[in-house]
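Novice: Chains as they are written, first to last, in our numbering: chain A, 1 to 161; chain B, 162 to 1131; chain C, 1132 to 1247; chain D, 1248 to 1370; chain E, 1371 to 1909; chain F, 1910 to 2002.
Rather than coming from a laboratory, the hints here were simulated on the basis of the structure. None of these values were measured; they are calculated from a predicted model. The beta carbon of each residue, even a glycine, is placed where N, CA and C say it ideally should be. Some hints could be false.
Keeping only pairs whose Cα atoms sit at most 25 Å apart, straight-line, the calculated BS3-like set for lysine-lysine is [said to hold, decoys possible]: (1) B/Lys688 x B/Lys604; (2) F/Lys1939 x B/Lys840; (3) B/Lys787 x F/Lys1939; (4) B/Lys688 x B/Lys605; (5) B/Lys787 x B/Lys853; (6) A/Lys150 x A/Lys130.
Not everything, but these chain B residues come out facing chain D in the computed CB check (under 7 Å) [to be verified]: (7) Tyr975; (8) Pro979; (9) Ile982.
Residues per chain are reported as follows:
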Amino acid sequence: MRAWLPYPLFSIALFLMWLLLNQSVAPGSIIVGVFLSALLGWVMVKLQPTRSRLHRLGLMGGLALTVAADIIRSNVAVAGIILRARGRPANTGFMSVDVDLENENALALLACILTATPGTAWLEYDRRRKSLLIHVLDIDNEDLWRRTVKRYAAGLKEILE
Amino acid sequence: MLSVFILAPFGGSVIAIFFPSDQRGATAWFAGAIALICFLVTAGLYPFVATGGVLRFELDWIPELGLNFTLRMDGFAWLFSALITAIGFLVVLYARYYMAEEDPVPRFFALFLAFMGSMLGVVLSGNLILLAVFWELTSIVSFLLIGYWHHNAHAREGARIALTMTGMGGLAMLVGMLLIGRVVGSYDLDAVLASGDAIRNDPLYNAILILVLLGALTKSAQFPFHFWLPHAMAAPTPVSAYLHSATMVKAGVFLLARLWPVMAGTDAWFWIVGLAGLTTLLLGAYFAIFQQDLKGLLAYSTISHLGLITVLLSLGSPLAAVAAVFHIVNHATFKASLFMAAGIIDHETGTRDMRRLSGLFHYMPITATLAMVASAAMAGVPLLNGFLSKEMFFAEAIETHLVNALDAATPYVATIASMFAVTYSLRFIHSVFFGPLPSDLPKKPHEPPRWMRAPVDFLVLACLVVGIIPAQTIGPFLHTAVVSILREETPSYSLAVWHGWNIPLIMSFVALSGGVGLYFLMRSYLKTGIEGPPIFRLLQGQRIFERVLVTLSWKWARSLEQRLGTRHLQPQMRLLVFLALAAGALPLAVGGFRLPQLVIRGIDPAFALLWAIGIACAVGSAFLAKFHRLAALVLLGGAGLVTCITFVWLSAPDLAVTQLLVEIVTTVLILLGLRWLPKRIEEPETADIPLKVRFRRLRDFLLAAMAGGGVALVAYTVMTRPLTPDTIASYFLGQAYHEGGGTNVVNVILVDFRGFDTLGEIAVLCIVALTVFALLLRFRPHPDSLESPEQQRVQNAYDDDHPERAEGESVAEYLHIPSVIMRWMFPVTGMLAAYLFLRGHDLPGGGFAAGIAMSIGFILQYMSGGTRWVEERLRIHPLRWMSLGLLVALATGVGSWLFGYPFLTSRSEYASLPVIGKVPLASAILFDLGVFSLVLGATVLMLIALAHQSVRRAARAHARAARPEREAAQ
Amino acid sequence: MELILSAGIGALAASGIYLLLRPRTYQVIIGLSLLSYAVNLFIFSMGRLRVNAPPVLEPGGVGDLLRYTDPVPQALVLTAIVIGFAMTALFLVVLLASRGFTGTDHVDGREPPRGD
Amino acid sequence: MSHLTDLPSWAAIAVCGLLLLGAAMTLIGSLGLLRLPSFYDRLHAPTIATSGGTILICLASMLCFAVLQSRWIFHELLIIFFVIVTTPVTLMLLGQAALYRDRVENRADVPRRPKPVAEPDTE
Amino acid sequence: MTDWLHHLLILPILLPLAVAAVLIPIDERDRTLKGAIGFASTLVVFIVAMILMRLAAAGEGSLPGGGVYQLGNWPAPFGIVLVLDRLSALMLCLASGLALAAQVYSMARWHTAGHHFHSLFQLLVAGLNGAFLTGDLFNLFVFFEMMLAASYGLLLHGSGPLRVKAGLHYVAINLAASSLFLIGVSLIYGATGTLNMADLAAKLATLAPGTRQLVETGAAVLGVAFLVKAGMWPLSFWLPAAYAAATPPVAAVFAILTKVGIYVILRLHMLVFGTAAGASAGFGQDWLLTGGMLTIAFGTIGVLASQAMGRLAGYSVLVSSGTLLAAIGLGRPEMLAGALLYLVSSTLTIAAFFLLIELVERGRDAGADVLAVTMEAYGDFDEDEEEEEVGVAIPGTMAILGLCFCLCAILLSGLPPLSGFIAKFALLRGLFDVPEANQAIAISAADWTYVALLILSGLAAMIALNRVGIRTFWASIEGTIPRVVVIEITPVAVLLAACVFLSFQAGPAMRYMQATANDLLAPLAHSERVLSAPRAGGQ
Amino acid sequence: MIALAIVWSILLAQVMLALAMAFALYRMIKGPRAQDRILGLDTLYINAMLMLLAFGIRTANTIYFETALIIALIGFASSIAFAKFLMRGEVIE
Ligand code: NA
Ligand code: NA
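So that you can see chain A by itself, here it is in the shape it has in the complex (with noise of 0.2 Å):
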């Protein structure tokens, strides 16, 4: 199996936007992006990206959750920081958060969480210190932040190491 697909979750991914791409569930369809995700997971074999397994996926429905609800709150709390942004200042500031995630893989995916919620901005991630420095627009909550990062990153690091 391995032999043959070398990333099957990400060839399976690859497949389903196909098919979505085309929208159509036509055995010629199919049959195409079988293939063509299979070709491609074989590319990417090439670019040597590191391993991932997903360990726990009951987990991941949680943390689905979890962001989907911070980022519509956050929606919300920018907005309002952006619509009240002439009448004073915002409290805005950078924080570093520890975050101790080895896989680049759970790295890259908390940046993506972190950056589709609005409020926080990712900056730098020094790999030895295991630190995380963090733009925040809403600084005076900065513990409330510190918690959710390391939320997140415990999630990630549960389910992808």
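Mind docking chains B, C, D, E and F with the ligands on chain A? Use the hints.
Specialist: Only chains B, C, D, E and F with the ligands this time, still in chain A's reference frame:
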């Protein structure tokens, strides 16, 4: 038979060039044989022309243009042919001894024979254009002959001046000939000679006259074109003897005589030809007196005698024409012999300067005697041929042809010029052969070899014989020639030596005694004097000519070139824009363009806002491009994006996709390039910008605004016009599915209806990629940009300063997380490309979009991982992809040949396969695959080639750093 | 629509042309790009404007110009885009080479005595 | 534009509502670009468009086409997914670049580069 | 079913394209192989062109498919068609002949000056041939771009500061001109709904005045684009520098590039704005005349002002262009044949001259070995390349070079008896010729100016070439004898021999040109032929 | 009535998106730093993509989709190039 005259010399010329250069004798004998054959043939043809017959030879050359290879020999042409071939033979004989060991003789004789052929061509041409052809050939060959000793600066100059003058005249003459052809309706000489009245009465007559005379007068070295001849004396003496006395310079007067029946007799002819002739006659003779160079004296004398002939022809009287022809022959004989004698003197003594020569009679009595006789003929001493024609000239001079000042002055000028002739002839003889024995000659003189002198012997004998018994010798030949020119106008004349006591005889006597007196008066002056006549010396024709030529053809030309042209790009662009604007506006302005009605209704506010953004991007980009390059590029991206949305909005999804993809690649490309451009200093304060610059910018702004406005106006006009019903688009929409096999009409057009365009377009991409690649292989960055960018230096220094950090850790850290995502995106991009490719035929997409999308996948990898990283992992062969792509596209097209259809005929079917269902099987998809492969290869090649510069830069900087050390070590 | 688009074309063209007339190679390449947008839109506009009428037929269908946009200018623009892209790349490399050899980014390969 | 009137009114209201809301979020996000005082503040602005705006408008689109064409494959999901995956890359790189530039210019209001520590173990 | 002979029509485009593709991946070190393949291709194209010309000369009846090749089997005006007639066959022959000469010449040394020379060369040939053959305006644009792109590549071949500087101007101006081309073509499409030239010609007279105005505007803008290529003053200042900077074989092929501009102007002028164009007949003629004459004047001045032979040759190109443009602008049917002959003769001559210049100058100062110049521009990848000499150095080099130079000078100055003279004579005769019926036609001031310019330009060429020739061949002190190999001098000799041959065979040549001119004077017949050509497969 | 409301609300949405684009443009022109301009361009891209989606809803046509997808998928490539240029002075090392 006549073709021999052309074939033999030219053929001989080609053969002669292949003689080995040490075979002086053989080459000469060969050339002599050719000349002799030609002469014998001429002689043999005499009976045919003697009775007034005309020999013709015609060969089709360009009958469509009325130009055939027509040779025509009448009496006059015969006389000239005889002269050319006979003297030609003698000169060859002479040259055999004259030319030095080290001279490349084969070249000389080859040119000599070519010249003889050309000259024969001139006199034998039966077609005016053919005559012009041979005419110019004589100029060209004479140029090469004069410049024969090209290591000598005088020879080069002389050759150049001669060619410029005679070539110019020849070109003018050609136009004259063309005009004659227009008037007559033919260039055939017979037809022309029969149309005298038509020519003289045509409104173009004056133009014809001036143009033809320009040819004739320059060739015959008539004032004010005379000065080339003395300079041509730098040629070897045989050349002077042949070209500059006997033949080529006679071509001008030959032409005057030839066209005499159709052109002479008008006031214009009389004035122009007469004035030129008289001036030349007098000035030539006067200048000849003051020459110190033997050949110079002879050259001016030639000019003067040619002037005499010209005067005779100007008079428009038949008798004068007879005299002219007679003098042509006489002058050829005595002048050729004199040149040869001068050559012998030069050859034997090593100098031609009359101030150094004297008393040579002592060393070379025979040569001296011969020269004396020939000089006497030149001076017009009785019992010599020169005397006879000069008497005829005097007789004509005193006649009244037209009542005007010029005619009245002729006898006096004639006498004075004749007097001068006596003076210079006497000077020639007296100063060279008599007086004290010479002391400082380069060589010790003695008589020349027997056969070197033989030609002179012969010619001098001819002078004597003709001078004594003209009627029995030259008489019949002269008559034949005269009759062929004058026909029924031929007057009765007598060639007797004695005509009794008359005014011409008195004039001769005055000239002779006056000339002798003048010589002895001026003797001491001439002996010490410098070259050239007093006063006139300062006014040298050649100097003026040179100065005019240099001014016109060099100084003025250069300044004009600079003024009318430019080597800067900006003015050129400005002109291009301006002309395009004018060209576009003119038809509209001329045709009374009506502005289309403005339609304000139905404006979509979102679209309007979109374009407000687009316009702001464009204008902003224009204003920031100089000092804020990055900002300009960002804004350019904005403008591109607005364009892209517009395409979607206006139902062109294919364009939007392509535009967007290209946009991305272009931005990356320009950014890749930006690194190699010099840093731009900050914008100066507006107040500091000079007024001139501000004006320039304003002007450019106005021009750009007008051009932009024009484009917008035209676009608006067309857009608001109703669509033409029968456009080719209707056909495409109708046929796309049923015959093209696709529902996306744009794509069917691209790969089928107009697939050939696409083929060309990918070829362009291929070419550009190859060019970029090849150019970048030779790319040499400026030293300024050789250093790594400041950012890298700072970051590397940081890494270096901290011992625990590895080299390049900063960048690795920077790209750490992004590169993870970008790497996973690579297959995703591949999927997108596959999607775009496969649906292209039915929905937006296609090979091109797919190729670019895939190449962006590659760029992302290069950006995240760096060149080395990627190339360690992915084998990339863009050149092969390009090659394969082009070949696949071509093969698809050629495949249709097998089915008997033209290139690129598509075969499309929707095949029904089990399970899978209907699948489009268009050959066009294969074609598109080729497009994909090529586009991918080309784009990747360009990007990689550019990206590689950074790697090379690093290697180079390394080498550079190592060099000083190496040098120090040495 | 027509008015807005032609104004856009005009502005793009004017900006592009203004930059073409400037002395720095970088200005010229930006100008060429802007001009090529203008030209592409101009070509496109020659088929008249249509909203929501793409040149994609229903399978088996036959199109006409009343219901579909004119596909010909679109095909021409596609070719023009590709060629424009290629030429931009080429010009870029030429200007880089010129800068490399001459040291200046002036279009004439040497700095003018003074001024612009 | 005629097609949209074919929608049942509940769907039409939902589509319009989602669309308007999404557009409004996007507008607010971009307004942040205009109003927020520093670059690092502005760095947050586009994320409203990429998260809230994109999700809402894509939902509107999915709903619209699902009802209109009875089509249940939501390819808009791809757009949501990829926007969320790719935006961080740009913003991260930009943020770091800004940080670098500000540090080089010794701006006071950005955190200094942390003192490096020795790597305890290899990666 | 089309017969195989029919495909000969497209071979001059396809073969070089395919060969270029094949050559791309071959290693640059196998230059001999690349050269051999390229040579074979060019030779075949030349032979095909000759065959096509013979066929065309025999008349349209003898041409397969009536000389119309419908790409993709789509009929005109819908699909793209290639049209072979006497004019395009002539241009095809001329271009491929030049290409052959340049190809051989390049194989002595110049193809080593950079990468992918042979591929670019083949692509240039394909582009040229396509431009001559196509009957479609937009396809013409594509082939123009192909030709220009390849010319950019070839001009820059060998790199070096001079080439790059000249190349920058050349590329910039031609890119701007290409934009004009696009605007013109699309405007014509927007107004008429067609892209086919023959169709346009057939339609033009029937258009409403407003529409025709737009077509004229489009044509005028197009015209400016073509005139840039043709080198009309004041759009041609880039040309002498660019041509002088190009490597000799490239410059030689460039001699035909300006002629492509001329060809298109002639083609469109005669076809679209010809006798059948109604109110638009003769559109733009006056401008061509004025521009052409100014170009001759400027070219003449430039010829005189040039010190370097390369620039002199470049300005000769301008003179040649101007002569042709003005001849077209004079609008005399009688002059057409002469103009065509002039086109052929001047192109061959200038190409030979470009090839010759470098050989001659090679000896003048040994230090300026051009390879040394380009070596300076070499990147660090190529320093291991050794100079390879092909062939044997020939004896009597100076004499042969001198003879060739003489011939070039005679041809360029239009001195008898060679084709340069005959062509000018034919032009002038056409100008002065009065048709029997119309004796009263007077020679206008424009005619006289043209005559004067023609003569003066010849004279200027004579003076300038004389000057430079004397300096090079006669006045050189101890100049080293250039090391010239057979395959360098042979192409020069062959090109010049072609001119000499043209001089002797001027009669048949003029007959062909006259027939070509007659074709051009019957635009509707041409349209009819193109539009009614049958499709393959009897559909 | 409801049809009118639909039309107007979609129009309003598009105008809002266009305004959002205009704000992004403001940053592109105004700066002050290069990073601001790039951020502006990135926002412009996202806004443009949303504009296309809104256009799709308005016309009930899916022709916008490929363009929007490409923006979502690889539109960031040019922004990355810009950012990397700022950070390293070189796009590809
Ligand atoms: Na965020
Ligand atoms: Na396709």
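Novice: With reference to the structure, classify each hint as holding or not holding.
Specialist: So, going through the hints one by one against the coordinates:
1. With a C-alpha separation of about 21 Å, the suggested pairing of B/Lys688 with B/Lys604 holds against the 25 Å cut-off.
2. For the proposed pair F/Lys1939 and B/Lys840, the alpha carbon gap of about 21 Å is at most 25 Å, so the pair holds.
3. Taken as a hint, the B/Lys787 and F/Lys1939 pair is honoured in the structure, with Cα atoms around 16 Å apart against an allowance of 25 Å.
4. Distance restraint check for B/Lys688 and B/Lys605: the Cα-Cα separation of roughly 22 Å lies within the 25 Å cut-off, and the hinted pair is therefore satisfied.
5. A distance of roughly 18 Å separates the Cα atoms of B/Lys787 and B/Lys853; the hinted pair therefore holds under the 25 Å criterion.
6. Under the criterion of a C-alpha separation no larger than 25 Å, the hint pairing A/Lys150 with A/Lys130 is consistent with the structure, at around 12 Å.
7. At a threshold of 7 Å, the smallest CB-CB gap from B/Tyr975 to chain D is about 6 Å, leaving the interface hint in force.
8. With its C-beta approaching chain D no nearer than about 4 Å, B/Pro979 sits inside the 7 Å limit, and its interface hint holds.
9. A hinted interface residue such as B/Ile982 counts as satisfied when its beta carbon comes closer than 7 Å to some beta carbon of chain D; here the least separation is about 5 Å, so the hint holds.
The structure is consistent with each of the numbered hints, conforming to all of them.
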